[in-house]
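There are 2 protein chains.
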Amino acid sequence: MAGRNLGRMATSPLLDDLRAALGPDAVLTDPDLLRGHERDEADLCASATPLVVTRPSSTEEVVAVVRAAGRHGVPVVPQGARTGLAGAANSVAGAVVISTTSMNAILEIDPVSRIAVVQPGVVNAALTAAVSEQGLWYPPDPGSWESSTIGGNVATNAGGMCCVKYGVTTEYVLGLEVVLASGEVLRTGRRTAKGVAGYDLTRLFVGSEGTLGVITEVTVALRPAPAESLTLVAVFGSTAGAGEAVARIAAQGLSPSLLELLDRTHLGAIEAYRPMGLRTDAEALLLAAADTGPRAAADLAELAAVCEAAGAEEVYAASDAVEAAALLQARRSAHPAMEKYAAEAYPGGSGGLIIDDLAVPRGALAALLDGVARISAECQVPIGVVGHAGDGNMHPNIVVDRADPASLERGRRAFDEIMRLGLDLGGTCTGEHGVGLLKRDWLAREIGPVGVRVHQAIKAALDPTGLLNPGKVL
Amino acid sequence: MAGRNLGRMATSPLLDDLRAALGPDAVLTDPDLLRGHERDEADLCASATPLVVTRPSSTEEVVAVVRAAGRHGVPVVPQGARTGLAGAANSVAGAVVISTTSMNAILEIDPVSRIAVVQPGVVNAALTAAVSEQGLWYPPDPGSWESSTIGGNVATNAGGMCCVKYGVTTEYVLGLEVVLASGEVLRTGRRTAKGVAGYDLTRLFVGSEGTLGVITEVTVALRPAPAESLTLVAVFGSTAGAGEAVARIAAQGLSPSLLELLDRTHLGAIEAYRPMGLRTDAEALLLAAADTGPRAAADLAELAAVCEAAGAEEVYAASDAVEAAALLQARRSAHPAMEKYAAEAYPGGSGGLIIDDLAVPRGALAALLDGVARISAECQVPIGVVGHAGDGNMHPNIVVDRADPASLERGRRAFDEIMRLGLDLGGTCTGEHGVGLLKRDWLAREIGPVGVRVHQAIKAALDPTGLLNPGKVL
Numbered sequence: 001m002a003g004r005n006l007g008r009m010a011t012s013p014l015l016d017d018l019r020a021a022l023g024p025d026a027v028l029t030d031p032d033l034l035r036g037h038e039r040d041e042a043d044l045c046a047s048a049t050p051l052v053v054t055r056p057s058s059t060e061e062v063v064a065v066v067r068a069a070g071r072h073g074v075p076v077v078p079q080g081a082r083t084g085l086a087g088a089a090n091s092v093a094g095a096v097v098i099s100t101t102s103m104n105a106i107l108e109i110d111p112v113s114r115i116a117v118v119q120p121g122v123v124n125a126a127l128t129a130a131v132s133e134q135g136l137w138y139p140p141d142p143g144s145w146e147s148s149t150i151g152g153n154v155a156t157n158a159g160g161m162c163c164v165k166y167g168v169t170t171e172y173v174l175g176l177e178v179v180l181a182s183g184e185v186l187r188t189g190r191r192t193a194k195g196v197a198g199y200d201l202t203r204l205f206v207g208s209e210g211t212l213g214v215i216t217e218v219t220v221a222l223r224p225a226p227a228e229s230l231t232l233v234a235v236f237g238s239t240a241g242a243g244e245a246v247a248r249i250a251a252q253g254l255s256p257s258l259l260e261l262l263d264r265t266h267l268g269a270i271e272a273y274r275p276m277g278l279r280t281d282a283e284a285l286l287l288a289a290a291d292t293g294p295r296a297a298a299d300l301a302e303l304a305a306v307c308e309a310a311g312a313e314e315v316y317a318a319s320d321a322v323e324a325a326a327l328l329q330a331r332r333s334a335h336p337a338m339e340k341y342a343a344e345a346y347p348g349g350s351g352g353l354i355i356d357d358l359a360v361p362r363g364a365l366a367a368l369l370d371g372v373a374r375i376s377a378e379c380q381v382p383i384g385v386v387g388h389a390g391d392g393n394m395h396p397n398i399v400v401d402r403a404d405p406a407s408l409e410r411g412r413r414a415f416d417e418i419m420r421l422g423l424d425l426g427g428t429c430t431g432e433h434g435v436g437l438l439k440r441d442w443l444a445r446e447i448g449p450v451g452v453r454v455h456q457a458i459k460a461a462l463d464p465t466g467l468l469n470p471g472k473v474l
Numbered sequence: 001m002a003g004r005n006l007g008r009m010a011t012s013p014l015l016d017d018l019r020a021a022l023g024p025d026a027v028l029t030d031p032d033l034l035r036g037h038e039r040d041e042a043d044l045c046a047s048a049t050p051l052v053v054t055r056p057s058s059t060e061e062v063v064a065v066v067r068a069a070g071r072h073g074v075p076v077v078p079q080g081a082r083t084g085l086a087g088a089a090n091s092v093a094g095a096v097v098i099s100t101t102s103m104n105a106i107l108e109i110d111p112v113s114r115i116a117v118v119q120p121g122v123v124n125a126a127l128t129a130a131v132s133e134q135g136l137w138y139p140p141d142p143g144s145w146e147s148s149t150i151g152g153n154v155a156t157n158a159g160g161m162c163c164v165k166y167g168v169t170t171e172y173v174l175g176l177e178v179v180l181a182s183g184e185v186l187r188t189g190r191r192t193a194k195g196v197a198g199y200d201l202t203r204l205f206v207g208s209e210g211t212l213g214v215i216t217e218v219t220v221a222l223r224p225a226p227a228e229s230l231t232l233v234a235v236f237g238s239t240a241g242a243g244e245a246v247a248r249i250a251a252q253g254l255s256p257s258l259l260e261l262l263d264r265t266h267l268g269a270i271e272a273y274r275p276m277g278l279r280t281d282a283e284a285l286l287l288a289a290a291d292t293g294p295r296a297a298a299d300l301a302e303l304a305a306v307c308e309a310a311g312a313e314e315v316y317a318a319s320d321a322v323e324a325a326a327l328l329q330a331r332r333s334a335h336p337a338m339e340k341y342a343a344e345a346y347p348g349g350s351g352g353l354i355i356d357d358l359a360v361p362r363g364a365l366a367a368l369l370d371g372v373a374r375i376s377a378e379c380q381v382p383i384g385v386v387g388h389a390g391d392g393n394m395h396p397n398i399v400v401d402r403a404d405p406a407s408l409e410r411g412r413r414a415f416d417e418i419m420r421l422g423l424d425l426g427g428t429c430t431g432e433h434g435v436g437l438l439k440r441d442w443l444a445r446e447i448g449p450v451g452v453r454v455h456q457a458i459k460a461a462l463d464p465t466g467l468l469n470p471g472k473v474l
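Sequences listed follow chains A and B, in order.
Every letter in the first sequence is one number past the one before it in this note's numbering, and letter 226, counting from 1, is 226.
Every letter in the second sequence is one number past the one before it in this note's numbering, and letter 426, counting from 1, is 426.
These aren't lab readings, by the way, just hints derived from the structure by calculation.
Computed from a predicted model, the values in this text were never measured in an experiment.
There may be inaccurate statements among the hints.
Note: identical chains are not told apart, hence a pair may lie in one copy or across any two.
Calculated cross-link-like contacts (lysine to any residue; reagent style SDA-like; alpha-carbon spacing at most 25 Å) [claimed, not checked]:
id, residue 1, residue 2
1, Lys165, Ala48
2, Lys165, Gly448
3, Lys340, His455
4, Lys165, Ile109
5, Lys165, Arg35
6, Lys165, Val322
7, Lys165, Asp416
8, Lys165, Arg413
9, Lys165, Gly348
10, Lys340, Arg67
11, Lys165, Ser57
12, Lys165, Arg402
13, Lys340, Glu108
14, Lys165, Ser147
15, Lys340, Pro24
16, Lys165, Ala64
17, Lys340, Asp416
18, Lys340, Gly23
19, Lys340, Thr465
20, Lys340, Glu60
21, Lys340, Gly183
22, Lys340, Gln252
23, Lys165, Pro405
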């Protein structure tokens with residue numbers, strides 16, 4: 001196959017430079033592969049075919065790619081596993097993609113300092129497994145954790161189910177190595193547990209979606225492995241009741257290690273996808289867990305009591321770790337289950353999902369859920385809601401018929417209405433998926449003209465020619 | 001007194017503008033007051049008398065001060081309670097000081113969202129008290145917590161004893177209102193528990209020591225009040241043994257809520273300051289606590305066992321909350337006790353302290369303590385060490401004779417040697433006090449030329465004329 005490709009290998013001065021620096025095997029121009037690297041998993045976002053996909057295997061090679069692209073005035077688009085949901089990894093036409101998949105070494109795990117140093121292409125699950133062998137834990141657990149990379153997690157500041165107690169990715173990033181648009185290599189942060197030296201550049205790069213630099217090394221903080229958790233399910237006859245329970249849990253000072261909500265649409269979709277006996281007649285289900293060791297049973301009982309007081313029809317604890325794992329797996333399958341549900345909702349499998357992501361203050365969760373139901377009715381599109389109820393981070397998933405422009409238009413209107421509602425409730429336009437291409441307009445509304453100007457000033461200071469991931473965030 | 005001052009009130013076009021905007025009572029030019037606002041509590045740092053101290057009482061008044069100073073080309077120096085230890089609040093000659101002390105309202109406490117919104121002049125202890133009335137907790141507890149302001153804590157990213165388990169100030173800052181050098185008002189961050197929208201401007205401003213903007217409002221995250229903690233003391237015959245205990249505590253996955261170290265010099269100084277029966281013959285004392293509720297006694301027993309295995313001569317638990325509070329108070333008195341010890345170490349009370357602050361990876365703590373003892377001997381200056389051992393953040397306090405240039409010179413050499421040792425051990429030049437004026441050269445060494453350039457680029461992007469707190473950090 002190499003021979004076949006060599007016969008019609010694309011050439012250009014830029015490609016020659018890249019091949020000279022990286023060797024031909026790390027400079028890919030196969031048309032199918034290029035098309036496969038056009039985009040991440042976000043719908044509704046523009047993308048285009050890159051000129052080339054590079055797979056550098058060292059920081060020096062990333063520097064070479066960035067410098068070559070800069071010399072030739074060709075934009076650079078960094079990519080991890082392309083599991084993002086906001087289009088942040090989408091290519092623009094003719095770009096140089098930097099895929100970090102060949103930089104996938106775990107360089108160090110230090111149980112005393114409780115840190116790991118990894119290359120950006122390390123898959124989240126691989127890091128999680130490696131540190132757990134030493135009794136340690138890397139908490140961030142985005143839905144994509146089995147395939148997404150640490151570099152991508154850092155670039156998008158990925159969240160997950162752990163966040164309600166343990167926070168998003170940025171809480172675990174101590175330091176970075178970043179290749180700047182200039183080709184310079186910047187080291188930020190530290191290896192120490194504590195440190196306040198200079199501007200917090202580390203967290204400026206976390207979540208900047210490849211627009212300020214290409215991450216080539218990540219130093220993360222680890223935690224001791226938590227105690228095994230106990231899990232309960234609370235079944236509600238109304239989403240507002242579930243929202244009320246979440247507010248009361250917070251008000252009473254409880255700190256569950258997981259507090260997830262599934263609405264009726266998702267319960268049905270999950271049962272259809274992989275039957276496990278979920279109550280599909282419920283309007284909402286809360287899944288909660290306590291990982292507090294000897295105190296967990298008492299904490300779970302408190303959570304149960306609050307859910308009952310908030311009107312839960314039924315509350316039951318998982319009888320053992322197997323049942324708890326099955327419940328967690330059901331929650332984790334919400335995304336593929338809804339994809340299947342959406343596809344089958346329209347003839348010929350033309351249905352699709354607009355996956356939304358926003359966060360509101362916990363106290364506004366019930367109002368958000370009510371509002372989404374109203375928007376669903378007004379816009380005449382089905383909307384299922386699932387998400388991290390404990391931190392007010394919800395994913396309203398809008399079901400549309402891709403083959404029907406009117407359905408798509410109604411879906412977009414619902415999306416905008418939900419964004420508007422979220423901001424009106426004191427929320428933010430993205431709780432964990434990021435801005436990418438999908439939320440640029442809503443970010444601008446959220447942060448206002450001064451916020452946009454400051455973003456632009458920082459982007460211009462670090463990437464004056466707009467080389468890196470153009471069009472994202474801003 | 002107003003009449004007396006009015007008779008010789010300083011005037012200038014800038015002062016006229018300030019008085020017109022703020023009223024005369026908030027524009028202070030009394031020479032004694034100006035001298036009192038020259039500096040914070042850091043030694044070895046340059047300072048000079050400001051032209052004027054302003055006490056704006058609203059964001060709009062801060063805008064007016066910044067715009068007036070900008071028009072007249074006069075630098076602006078923001079100040080809180082001036083308890084900082086790196087000179088970040090020191091004035092330059094002829095500056096306009098913005099004192100936030102009149103902006104001291106707690107605007108909101110929301111127990112469901114677990115947030116508080118405060119003006120920058122609110123004293124840490126006042127916020128702590130107000131939220132504790134609602135069963136909530138604001139963890140950051142710098143040594144100055146009874147007098148320092150939240151604005152100052154945020155500007156310096158202050159630490160404290162809680163950090164070993166709960167992190168520094170930046171972990172608790174969700175959003176800010178900041179007046180930029182342009183006079184524009186920027187709002188950063190969010191009120192939600194979770195959110196990843198755009199660049200993390202909030203944390204860019206946290207710890208930027210007033211060089212990027214003047215903080216006028218802070219939204220902080222709160223936690224439920226922790227369970228009452230149990231406390232133990234472990235007495236060591238060598239500092240290396242104490243360092244070894246800290247490393248083992250981390251390696252075994254324990255998470256004490258406090259893990260402090262006092263060396264022999266500090267034990268003696270504290271006993272002399274307020275006798276309480278501390279073992280002044282010990283080389284080092286570790287103070288540890290567990291706040292894990294029903295698990296605390298077991299956790300404390302594990303901590304005790306690790307200390308004994310690491311060679312502690314004696315380990316004892318505080319018999320009750322009163323004794324635990326007394327031990328904590330002893331630790332908190334380390335700073336004034338050492339000041340007294342230093343003053344009395346030289347005739348005429350001419351002794352003083354160079355207070356240092358650095359952090360190393362936990363595993364390097366024993367090496368740091370050994371190294372500091374070696375440097376003390378080599379430079380012929382007494383150095384006491386105290387600090388937050390659990391996160392590797394130590395304060396070597398160098399005793400010098402202010403009246404003796406040779407002693408001061410030896411003290412400075414020891415300071416530099418300690419900084420060099422810290423960086424060689426993989427550490428950072430400041431764990432919690434910040435850079436200010438004191439550590440600018442060491443920050444530059446730590447972050448390297450690319451890091452310095454990126455700092456300068458960000459400063460230039462946000463404050464192109466260098467109006468805000470000139471000479472700090474960079």
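Do the hints match the structure? See the list:
1. Taking CA atoms no more than 25 Å apart as the test, Lys165 paired with Ala48 passes in neither setting, with 39 Å inside one copy and 46 Å between copies.
2. Taking the shortest Cα distances, Lys165 and Gly448 never come within 25 Å of each other, neither inside one copy (30 Å) nor across copies (36 Å).
3. Taking the shortest Cα distances, Lys340 and His455 never come within 25 Å of each other, neither inside one copy (38 Å) nor across copies (48 Å).
4. In this assembly of identical chains, Lys165 and Ile109 lie within 25 Å of each other by CA distance both inside one copy and across copies; the values are 24 Å within and 20 Å between.
5. In the homo-oligomer, the alpha carbons of Lys165 and Arg35 never lie at most 25 Å apart, since the shortest distance is 39 Å inside one protomer and 47 Å across protomers.
6. Taking identical chains as interchangeable, the C-alpha atoms of Lys165 and Val322 lie at most 25 Å apart only when both belong to the same chain, with a minimum of 22 Å there against 31 Å between chains.
7. Taking identical chains as interchangeable, the C-alpha atoms of Lys165 and Asp416 are never at most 25 Å apart, the minima being 30 Å within one chain and 41 Å between chains.
8. For the identical chains of this complex, Lys165 and Arg413 are neighbours neither inside a copy (33 Å) nor across copies (45 Å), given an alpha-carbon limit of 25 Å.
9. Taking CA atoms no more than 25 Å apart as the test, Lys165 paired with Gly348 passes in neither setting, with 42 Å inside one copy and 55 Å between copies.
10. Taking the shortest alpha-carbon separations for Lys340 and Arg67, neither the intra-copy value of 43 Å nor the inter-copy value of 58 Å comes in at or below 25 Å.
11. Within a single copy, Lys165 and Ser57 get their C-alpha atoms no closer than 36 Å, and across copies no closer than 37 Å, so neither meets the 25 Å cut-off.
12. In the homo-oligomer, the alpha carbons of Lys165 and Arg402 never lie at most 25 Å apart, since the shortest distance is 37 Å inside one protomer and 49 Å across protomers.
13. With identical chains, the CA atoms of Lys340 and Glu108 are never at most 25 Å apart, being 40 Å at best within one copy and 45 Å at best between copies.
14. Taking the shortest Cα distances, Lys165 and Ser147 sit within 25 Å of each other inside one copy (23 Å), while across copies they are farther apart (31 Å).
15. Taking the shortest alpha-carbon separations for Lys340 and Pro24, neither the intra-copy value of 40 Å nor the inter-copy value of 69 Å comes in at or below 25 Å.
16. Taking identical chains as interchangeable, the C-alpha atoms of Lys165 and Ala64 are never at most 25 Å apart, the minima being 41 Å within one chain and 41 Å between chains.
17. Within a single copy, Lys340 and Asp416 get their C-alpha atoms as close as 24 Å, which meets the 25 Å cut-off; across copies the closest is 64 Å, which misses it.
18. Taking CA atoms no more than 25 Å apart as the test, Lys340 paired with Gly23 passes in neither setting, with 42 Å inside one copy and 66 Å between copies.
19. In this assembly of identical chains, the alpha carbons of Lys340 and Thr465 never lie at most 25 Å apart, being 43 Å within a copy and 57 Å across copies at closest.
20. In the homo-oligomer, the alpha carbons of Lys340 and Glu60 never lie at most 25 Å apart, since the shortest distance is 43 Å inside one protomer and 54 Å across protomers.
21. For the homomeric pair Lys340 and Gly183, neither the shortest alpha-carbon distance inside one copy (44 Å) nor that between copies (52 Å) is at most 25 Å.
22. Taking the closest pair of Cα atoms, Lys340 and Gln252 never come within 25 Å of each other, the shortest separation being 38 Å inside a single copy and 45 Å across copies.
23. For the homomeric pair Lys165 and Pro405, neither the shortest alpha-carbon distance inside one copy (41 Å) nor that between copies (53 Å) is at most 25 Å.
Against the hints set out earlier in the document, violations occur for numbers 1, 2, 3, 5, 7, 8, 9, 10, 11, 12, 13, 15, 16, 18, 19, 20, 21, 22 and 23.
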